[in-house]
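Participant: Listed below are the residues making up each chain.
There are 2 protein chains.
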Amino acid sequence: MLKEWVKQSKPDDETLTARLEQARGELGKRQMMVKECKLPVLVILDGWGAAGKGSVLGRVIKNMDPRFFKCETLSDKTSEETRRPFLYRYFVRIPKEGQFSFFDGSWMGEVTTDRLMDKISAKEYKDHLTSIKRFERQLTDNGYLVVKLFFHIDSKIQKKRINDLESDPVTSWRVSDFDKWQNKHYKKCLDVYDDYIEATNQFVAPWYFIDSSNRKWAELQMTEIMIASIDTALKNSEAKKNAPILQNTFALKKIPLLKDIPLDKTVDEADYQKELDELQDKLKHLHNELYHKKIPVIIAYEGWDAAGKGGNIKRIAAALDPRGYEVHPIASPEPAEKARHYLWRFWRRLPKDGHIAIFDRTWYGRVMVERLEGFCSENDWQRAYNEINEFEKELTDWGAVVIKFWVQIDKDTQLARFTDRQNTPEKQWKITDEDWRNREKWDLYEDAVNEMLAKTNTDFAPWHVLESNDKKYARIKALKTVIKAIEKKLASL
Amino acid sequence: MLKEWVKQSKPDDETLTARLEQARGELGKRQMMVKECKLPVLVILDGWGAAGKGSVLGRVIKNMDPRFFKCETLSDKTSEETRRPFLYRYFVRIPKEGQFSFFDGSWMGEVTTDRLMDKISAKEYKDHLTSIKRFERQLTDNGYLVVKLFFHIDSKIQKKRINDLESDPVTSWRVSDFDKWQNKHYKKCLDVYDDYIEATNQFVAPWYFIDSSNRKWAELQMTEIMIASIDTALKNSEAKKNAPILQNTFALKKIPLLKDIPLDKTVDEADYQKELDELQDKLKHLHNELYHKKIPVIIAYEGWDAAGKGGNIKRIAAALDPRGYEVHPIASPEPAEKARHYLWRFWRRLPKDGHIAIFDRTWYGRVMVERLEGFCSENDWQRAYNEINEFEKELTDWGAVVIKFWVQIDKDTQLARFTDRQNTPEKQWKITDEDWRNREKWDLYEDAVNEMLAKTNTDFAPWHVLESNDKKYARIKALKTVIKAIEKKLASL
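If you read the sequences in order, they're chains A and B. The first sequence maps to residues 4 to 496 in our numbering. The second sequence maps to residues 4 to 496 in our numbering.
Worth double-checking, as some hints may not be accurate.
Since the list gives no way to pick out one identical chain from another, each pair is judged satisfied if it fits inside one copy or across any two copies.
Computed cross-link-like contacts, DSS-like style, restricted to lysine-lysine with a CA-CA straight-line distance of at most 25 Å [what the hints assert, rightly or not]:
hint : residue 1 : residue 2
1    : K480      : K191
2    : K159      : K191
3    : K191      : K126
4    : K183      : K80
5    : K6        : K80
6    : K492      : K6
7    : K136      : K238
8    : K136      : K287
9    : K458      : K13
10   : K136      : K126
11   : K262      : K492
12   : K396      : K13
13   : K190      : K6
14   : K287      : K13
15   : K190      : K163
Calculated directly from the structure, the hints in this document are not laboratory data.
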C-alpha cells in the first residue's frame, strides 16, 4: 500500500496558506464538538525517522486547547512496561471521553522495529498483528476514534534531513542511531512497513499517509484528515451506533448449567485442616518458582453474594509471599474509569510477570451487573463476551496463567447466610440493602451467569465452578485448581 | 492460522450421533427464524480437493427446506463471466433476504488457484484481497450473514481419498487434475491458503476450519458453526444494527457547490450541428477501438427532472453501434432487487468488456431519493458514499472507464420546462405529479446533491457537471467529456 501510494500534489503556497488557516479554525471547532459529544480521540503518529512527526504535531496542537489533549512520546519501554503484556503501555494511555491523545510513535513502531531487528519471530510478529487488530477494533467498537498517520519521506530527503540535523550541535541529539540505520536499510524497512500497514489497515481504523517532505503541507494534511475523521466519528456517535456482534471463533468447552451442578459436596473437618496446610505449603513453593520463571498469574473470582469469595481468597493469599501478589477488590467504576473502555481499569491492574493478581469480582461485571442494571447498552454487553475472550487470550499469549472461579451456592444457603449476617452484630457490615435487592433478581442473574459461562469457557481460560454450600470444600478445591493450573504451566515451559 | 490450527478432538461415536441429531433439529428451527427475520445467509465452502465439501453440504441441506436455499457450484467461469469484473459472478448470486445460498467453492478458490498457477501477479493478488475484504464487509454491513468454511484434511488423507475415488470408475470423474496437482504440491498450497486466510480473516466475516477427516464429524462441525453464526446474526438484526460509518480513505477532488456553477453557457445553433456531427463521428470510431481493446465504459447520468438527460443520452447513443451498448433506465427497485444488497441490480447490469452501459439514473439514488424519501435508514445512506466509491473503484480496477454526469439546470428553467410539458399534448406523458412534488423539495435535494458530489468525486471516477440550461451546450460537453475520458484511457494502455 505504502509502496504504491500516489501522493496528492502539494498546492501552491498561497492556496496552502489559505487552506491551512481555514483548517486550523475548523479543527478548533471540532475540538469543542469532541468535548461536547464525549468522543475519545486517539491519534497515532508513525513514520520515518526525521520525517518531522514531532514538529508537525507541535504545529497542530498549537491550535488546540491544552486542557483537552495529551501528547505521549512512546519511545523506550520502562522496566515496569517490559514486565507487562505487549499492549499494556498503550492500553493504559488511552484517552478518556471528550479528550484527545496523541501518541508520537505507537505499537507499529515497536512491532516493526522488533521485526527488523529480529527480536521477534515470524510467528510472534503475526500474533502481534492479531492483537493489534483486536485492540484497535475494540477501541472503535467502544466508541473511540482511532486516527492512524504514517509520515512518509523518501530515502534522499531522509538522508538530507539527518545530515542537516547532525551538523548542527543544537539539533544533533534528535538523530538516533536507529534513524541512521533506517536510512541505510531504507528498502528493507519499507518492505516491513508496507507489510505491517497492509495487514493492519482495518476498515474501522484505516491508515493515512502524509507526504512529509514539507512541514506546512504535512500540517495541512494531518489537520484535514483529523477534521474529516472527527466528522465521521461524530456521525457514528450521534447514531448511538450498535457495533456488530461478532461470530465467535474461540473454541469453547461445554459447561453445565448452574442448576445441574450438585452442591452436596463437603469436606471432613479433620481432613480439611490437614489438606489446607499441605496445599498452602505446596502453593507457597510454586509461587516461588513462578517468581523465578517470571510467570504471571491472574485469579478471577465471581459468585453469588455470601457465596464465600472473601474467605476463599484469604486461604489462597495466606499461602503467598505478600511481596508477590495483590488482591484487587472491584467495586463500581470511578469517573475516570467510566470515561474509558471498560477493560481499562483491569489492564491497569495487571500484575508484573512473576506476580499474582487476585480479582475479587472482575471484568465479568459487564455481562452481569452492568447488563442487568442497565449500566451499559444491550449492544455493549452482547459484544463483551468476545471482547473478554480476546482480553484473556492476550493475557495467556503473554504467558499468564488465568484461573476463573465461579463460587456457587443455592438460594437457600444464601438466605441462611444473609440472615446470619443480619443477626450477628460483627457481621452486619457484610450485608446491605443491595444484597437483598440483588437476591430478588436471582433468576435473572442465573440466566446471565449461565450465558456468561457458556460463552467464555475457552480452553485457554476456562471457568472452574467452586461448590460452596460447604465453604471449606470450596477452599480446598480452589487451592487444588490453582496448584494444578500452575503446575501445568510450569510443565509446559 | 491454518497451519497453527489446533483441531478439536472428535467426540466418541455415541456423543457424535446424539449431538448431530440435536444440531440438525436446531438448524431446522434456525431456518424458520432466518426466514422470519429476513436474514440473508451466504455460506461458502472452500478447502482441499477430496475433503468432501460436496458430500457434507449434501448431508447438511437434507435437513433444510429446499424452498429456502440454493446451492451454487462455482467451478469454471463462463465466457460471460470472464468478461465481467472479478467479483461479478459472486455478487450476482448473493441470496435474497430470508434465504440461504451455499457456494461450493468461492472467490477464495479462484484467487488462490490463480496465484498458485501464476496467472496473477503479486500486485493483482493483493488488489483482489482488498476487493474481497470490501465485498465481504459490504455484505455484512448491509445485513448479510457470511459464513466462511475451510474443509481441512492432511496430505496423507487427501492422497488416500484421491486414490480411492480414482480406483472406482463410478467416482473417478470426481477427481480433477487440480486435485492431484494440489496433493503433489500440498506444502506450497498450504502456504498460499494460510496466507489468504490470514489476510481475509475479518472480524465481521471470520474463517472457520472444519476437520474433514470424517464426514459425520464434519457435518456436525458445519451445522454447529451455522447455528452459532445465525444466532449471532439474528442478534445483530434484532438490534437494527447501525454498521459503522467508515473514515474516508479515497482521495477526493474539490468540486464547487451547485449554486456556484454558472449556467449561462450556450452554444450557437450553427456551430452546434457541425460540432455534434464531428464529435459523434469521433465517438463512433472510438467505440470501435474500445471494442477491439475490450475496454468497458460506464456512463452514469444523474440530474434534475427535466434537465435534459434523455436528449443528452440520445446524442451519445446515436454515435454508437447498437450491438455494443445498452441504455439502462433505472426506476424504483423490483421486489427481488429490494430483497438484496442495493448495488446488486447495478452489478447485474454491468457491461461486458468492450461494451458501453449508459445508466439513466443510477446507484446514486441511494443518497438522493432513497435518502430523502426515507426508503433506507440514515445509517444506510451515510454508509453508501464509501460503498459507492468502493464499487466504482472495483469498476475502474477492472479496467472500465467510469464517467459520471450531473445534469444541472436552475429552478426557473425547470419550471419553464414543466409548464411547457404540461401545455404540450405530445409531451404531457413526461410530467407527473411526482415531478411537482420533487420540485417542492428542491432545496433538500440540492443539499443532498452537494454532499454526494463532494463525497464521491474521486480521482478514478470524477463527476462532470453538464450546464444544461442550454441543452445543446450540455450535449456537446457530454460528448467531449466522453471522448476525452476514452482517449485518456486508450493512451494509458
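Participant: Against each hint, give a clear statement of whether it holds in the structure.
Facilitator: Hints, one by one, checked against the model:
1. Taking identical chains as interchangeable, the C-alpha atoms of K480 and K191 are never at most 25 Å apart, the minima being 54 Å within one chain and 49 Å between chains.
2. In the homo-oligomer, the alpha carbons of K159 and K191 lie at most 25 Å apart inside one protomer (15 Å), although the nearest pairing across protomers, at 39 Å, exceeds that limit.
3. When the C-alpha separation of K191 and K126 is checked against a cutoff of 25 Å, the pair qualifies both within a copy, at 19 Å, and between copies, at 18 Å.
4. In this assembly of identical chains, the alpha carbons of K183 and K80 lie at most 25 Å apart only when taken from the same copy (21 Å versus 52 Å across copies).
5. For the identical chains of this complex, K6 and K80 are neighbours neither inside a copy (30 Å) nor across copies (32 Å), given an alpha-carbon limit of 25 Å.
6. Taking CA atoms no more than 25 Å apart as the test, K492 paired with K6 passes between copies only; the shortest distance there is 23 Å, against 43 Å inside one copy.
7. In this assembly of identical chains, K136 and K238 lie within 25 Å of each other by CA distance both inside one copy and across copies; the values are 23 Å within and 23 Å between.
8. Proximity of K136 to K287 under the C-alpha cut-off of 25 Å is found in neither arrangement, the shortest distances being 38 Å within a copy and 51 Å between copies.
9. In the homo-oligomer, the alpha carbons of K458 and K13 lie at most 25 Å apart only across protomers (21 Å), although the nearest pairing inside one protomer, at 52 Å, exceeds that limit.
10. In the homo-oligomer, the alpha carbons of K136 and K126 lie at most 25 Å apart both inside one protomer (16 Å) and across protomers (23 Å), since each shortest distance falls under that limit.
11. Taking the shortest Cα distances, K262 and K492 never come within 25 Å of each other, neither inside one copy (31 Å) nor across copies (70 Å).
12. Within a single copy, K396 and K13 get their C-alpha atoms only as close as 45 Å, which misses the 25 Å cut-off; across copies the closest is 24 Å, which meets it.
13. Only within a single protomer do K190 and K6 lie at most 25 Å apart by alpha-carbon distance; the minimum there is 10 Å, versus 29 Å between protomers.
14. For the homomeric pair K287 and K13, neither the shortest alpha-carbon distance inside one copy (66 Å) nor that between copies (38 Å) is at most 25 Å.
15. Only within a single protomer do K190 and K163 lie at most 25 Å apart by alpha-carbon distance; the minimum there is 17 Å, versus 46 Å between protomers.
Violated hints for the displayed structure, listed by number in ascending order: 1, 5, 8, 11 and 14.
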